[in-house]
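**Student:** The residues making up each chain are set out below.
2 protein chains.
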Amino acid sequence: MVVSCFKRHGAKGLDTPAFELKEMLTEKCGENFGLIYDLKDQGGELLSLRYDLTVPFARYLAMNKLKKMKRYQVGKVWRRESPTIAQGRYREFCQCDFDIAGQFDPMIPDAECLKIICEILSGLQLGDFLIKVNDRRIIDGIFAVCGVPESKFRAICASMDKLDKMSWKDVRHEMVAKKGLAPEVADQIGDYVKCHGGISLVEQMFQDPRLSQNKQALEGLTDLKLLFEYLTLFGISEKISFDLSLARGLDYYTGVIYEAVLLQTAAKAGEESLNVGSVAAGGRYDELVAMFDPKGHKVPCVGLSIGVERIFYIMEQKMKASGEKVRTTETQVFVATPQKNFLQERLKLIAELWDSGIKAEMLYKNNPKLLTQLHYCENMGIPLVVIIGEQEQKEGVIKLRSVPSREEVAIKRENLVAEIQKRLSES
Amino acid sequence: MVVSCFKRHGAKGLDTPAFELKEMLTEKCGENFGLIYDLKDQGGELLSLRYDLTVPFARYLAMNKLKKMKRYQVGKVWRRESPTIAQGRYREFCQCDFDIAGQFDPMIPDAECLKIICEILSGLQLGDFLIKVNDRRIIDGIFAVCGVPESKFRAICASMDKLDKMSWKDVRHEMVAKKGLAPEVADQIGDYVKCHGGISLVEQMFQDPRLSQNKQALEGLTDLKLLFEYLTLFGISEKISFDLSLARGLDYYTGVIYEAVLLQTAAKAGEESLNVGSVAAGGRYDELVAMFDPKGHKVPCVGLSIGVERIFYIMEQKMKASGEKVRTTETQVFVATPQKNFLQERLKLIAELWDSGIKAEMLYKNNPKLLTQLHYCENMGIPLVVIIGEQEQKEGVIKLRSVPSREEVAIKRENLVAEIQKRLSES
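Protein chains in written order, with the UniProt record's numbering: chain A, 1 to 427; chain E, 1 to 427.
Here chain A stands alone, though its shape is the one from the complex (with noise of 0.2 Å):
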């Protein structure tokens, strides 16, 4: 579903080594640095296991200077944190990314990020989400009015990026008590980080006297605005929310940032609260190539992730709670018999029918009970049983049965995988 989604955006498929050099890791990601999985010195270079896929493509991007590229990848990353699997979060984790590399019209890709996110949360049908909308310029824009000192500018949105885990006034007490943050300066960050809405807060923003005189401020505003009328014309603009709490944790991102949250219906008595935090994120990252570039060359990227284990997580949640089983497999057809000595007529029958595409199965038995047969095909949900026995094999026919309805109809031999692609495709 993903995958498809992300091929239908134009996106080919990448794949990078697990590995990157430890120093070019440990460089370009901040704070997370303590948690990345470093390799053995076995000899060689020093290696460590990638912890995101977005640094890995910008470090394959700038090694093959290509200035433009769409791709997507999916694959695992590992993070030393210490694992909570009531919200699906592990050591090793699969993540899907899509970006977009290269120099485009302002807000054109980032719109489409937007709108890949859309469609794969509606595809999975997991209930209603919100996508909320920042951009670190204005964020640095409020840290500047607000009178943060520049040296400070990650430590706090690192503080302020708890927001979704903790009150503001826990956030407001690691900001004045551990990064020495002024208290009246938290107070003024507190009264924007409040702020949430649609395209209307955007031009509220534009109208807040010391906001408006900010440079970088102006320029994430100009982009924000744009940026929702592109949404409008995708018809999504409703599922975004411009909300000035947004940090996002990782130091790469340069403008637009965005998470999207599931949104909570009130649970049932006995339903278990989901809580899996956010299930897609992303944004814009301008200056990461550059950084691997020995020329400094830039290449303006912008991206998404999304969070396979915590949306599986809520899947499987949403299952048992409608009590829906899950079926492992997808054979759609059993060979089976009544008769002793029938192994050479199944394994004939079932190469048959494998050679027709068709998924099908067997025992692995060469007298089977019909009883344990059918009992298989209830248990694994195989819609098909077709039955050779003596009787049939006589009358040149075999027993196509529909395990469901457990209706049974003979059908000569040669018109059989005929009749059984019949059956499937108009199920």
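No wet-lab data here; the hints were simulated from the structure.
By construction, the Cβ of each residue, glycine as well, lies at the ideal position given by its N, Cα and C atoms.
One or more of the hints may lead you astray.
Using C-beta positions, here's what the derived DEER-type ranges look like [as the list claims (entries may be wrong)]:
#1 A:Ser167 with E:Leu46: 38 to 46 Å
#2 A:Ser425 with E:Lys348: 32 to 40 Å
#3 A:Glu324 with E:Leu263: 46 to 54 Å
#4 A:Glu27 with E:Glu324: 37 to 45 Å
As a list, the in silico DSSO-like pairs of lysine-lysine whose alpha-carbon atoms are at most 27 Å apart [to be verified]:
#5 E:Lys12 with A:Lys325
#6 A:Lys412 with A:Lys348
#7 E:Lys359 with A:Lys67
#8 A:Lys298 with E:Lys369
Please build the complex by placing chain E on the supplied structure of chain A, with the hints as guidance.
**Tutor:** Relative to chain A, chain E alone:
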């Protein structure tokens, strides 16, 4: 292609972590432990990266006390060996594994594994291929009747495994000079390893006066005879060669082993000869799960592994040779305009295409030139272009252009999606 074949045979997908406990891996991989990548000790258990997907699968079965499972897995594995890019051999590579675990009647799952290899290699159209088959018990029987001391079985087997890269003369030298085997014993082995053929060779080995006295060899030959019977029913026996020189490097095999090789067609003048070794391999490993189980419960297993990189390498070479161009994206429709200030219309239109499941792209520019847009389609192999301009907008139509034929027709705006879908389904 590969995964859909695995699903056709009723397997469910399984993902295991890239890390395994270091001790779990080093104990199980015999002579290969020098190839394992270890993680740096950063606190917690000592971890290594998996070097295949078989050992983690066996560990998974034992840990979860599973007695039966048919699973496939596509994942990366890592080995610290010298990469030889010319053979598609890297330190990080992707394996596609299919395994059947459980106690079943003999050779039915084994035959299915060989059928799967045939289906995949035929489906990929890599040219003619052959699957070499042997049995570890026959190898051990040969060693026993030739007079190899039992303590040297594994070491001599490891030498034998090099027969696909080295001549018998060099292998014999290694057996005698490095592994201390008596020259006359090596020569007797040499007489056996020359043999390869079909079912008739199995019959011939049954008549071998020495081998037919060896219990292990007899068991192996009995199973191989049954296997050939099933392969004949599957219609693939002519692809199989009983080859007494096949040994397989890994220690964990206990019965049937196999390895698929592509048959070289006589290289045309100027064409590089492709030598990539085996493209698929596997075998039966009945003892591996028990090694991970605290109580030593056995779960017999048989499986196969497809070497993706090698297959990609061959396909690439073939395409280069034939001058075919590979499309890296699947984009079906490009949204273009000959006019300035048509970004809004383009954005609305492309969102409509995406929402209808059509793979569509446009340039991320406010005012791209029409020629640039059409060139992009030709370069990327995009078959259809929709063109919207002032004229078309007035008339409520959209131009649909076929890139290969350059034919254009005007379609009513409301019929556009249906017309595109019709054209795509026809091509």
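**Student:** Hint by hint, note whether the structure agrees.
**Tutor:** Tested hints:
1. Evaluation of the 38 to 46 Å hint for A:Ser167 and E:Leu46 yields a pass: the beta carbon distance comes to about 40 Å.
2. Taking 32 to 40 Å as the suggested C-beta distance range, the pair A:Ser425 and E:Lys348 conforms, at roughly 35 Å.
3. Our hint of 46 to 54 Å for A:Glu324 and E:Leu263 holds, since their Cβ atoms are close to 49 Å apart.
4. The hinted window of 37 to 45 Å between A:Glu27 and E:Glu324 holds, with their beta carbons roughly 41 Å apart.
5. Taking the CA atoms of E:Lys12 and A:Lys325, the gap is about 15 Å. The hint holds against a cut of 27 Å.
6. Distance hint between A:Lys412 and A:Lys348 is fulfilled; the C-alpha atoms sit about 16 Å from each other, no more than 27 Å.
7. The hinted pair formed by E:Lys359 and A:Lys67 meets the criterion: a straight-line CA distance of about 23 Å does not exceed 27 Å.
8. About 25 Å separates the Cα atoms of A:Lys298 and E:Lys369, which keeps this hinted pair within 27 Å; it holds.
Hint compliance for this structure: no hint is broken.
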